[in-house]
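**Q** Whenever a hint applies, use it, and build me the whole structure from the sequences.
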Amino acid sequence: MRIWPILCLVVLAGCTQAVPGTPALPPAPANLALVDVAATSDVLTASKSAMESVFSYDPASPGTQADAAAKLLTGAARTQVESMLGQVRQAGATVTTTAREAAVAELTPTSAKVLMMLDQTSTMPGSASPSTGGAAVLVTAQREGTTWRAADIVVNPALAPVPASPGGPVAEARDSALAAARTGLVAFMELDSTDVDGWYQRQLAISTEPLLSDIRASQQSSAEAVRSQGSKVTVAPDPAVAAKSATPDLVLGLAVVKTSVVSTASPQPAEKVVRVAFELARQPDGWKFRALSTVL
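Numbering of the sequence shown is given in the working numbering, commencing with residue 643 and proceeding in unit increments.
Hints are supplied without guarantee of correctness; some may be wrong.
[What the hints assert, rightly or not] Here are the simulated DSS-like cross-link-like pairs (lysine-lysine), alpha carbons at most 30 Å apart as the crow flies:
id	residue 1	residue 2
1	900	914
2	886	690
3	930	874
4	914	874
5	900	886
6	886	930
Hints listed in this document are in silico derivations from the structure and should not be mistaken for laboratory results.
**A** See the structure below:
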């Protein structure tokens, strides 16, 4: 699948003391995301189920959503969901929400931050044609006993970089790859029609196969489109990123990238939030994108 052209279209704790003669153990990581596999899976499952349940609404059975909110939400999340669903209830719309993608950005024994891509289908009363849409949310979950509940929900979030958490190859790969993703996504997506060659060279510098071949194959057509439209894309620094999986040499992740787009036809800046899935492979000279696509 040639995913690069799709993206172009869219944007157009302490110390461990060693005992002599024995190796020092690495410090326990503060961020357990993907390190504690079972806990990562638990909070992912709970958060996805919660978002699907509390953001789905059937006017024929309103108690179903209310029961889910009472059971699965706590703190500010209850007020946030109630506010977001207010217009849905008033309109009598039927809404179905699906958690399409999710990744844990930060995990401790009692709290977690989960970056999630939600898809929604809604049908207004008397309409036979449903409408569809999508959003990115950052869910802060709290563990109460053995149960994870959503405590805070931010739509189209910013996410401050999580401090690096030493403690083994998975944590090191996750943290170093996500640091590369933050700067790499800005370099990859930011463009100016007056410097298309510079944009192209930046993409080549931070990519590896098979993405590298896709970029080269699409270079001419993409450059012509950018120049003809007079496009300029500005990307907000530090996109929200989280890893879905991590091995020492390959990290798969999600990102929420906030952009401002202008063109000859539309000189007023248009703010766009782009949901991105990426794969980063470790190379001798650092992490590079091997796949990059929008979550449409």
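**Q** Take the hints in turn and mark each one as holding or not.
**A** Structure-based check of each hint:
no.	hint	result
1	900 <-> 914	holds (6 Å)
2	886 <-> 690	holds (14 Å)
3	930 <-> 874	holds (24 Å)
4	914 <-> 874	holds (13 Å)
5	900 <-> 886	holds (20 Å)
6	886 <-> 930	holds (17 Å)
Violation of the numbered hints given earlier is absent; every hint is satisfied by the structure.
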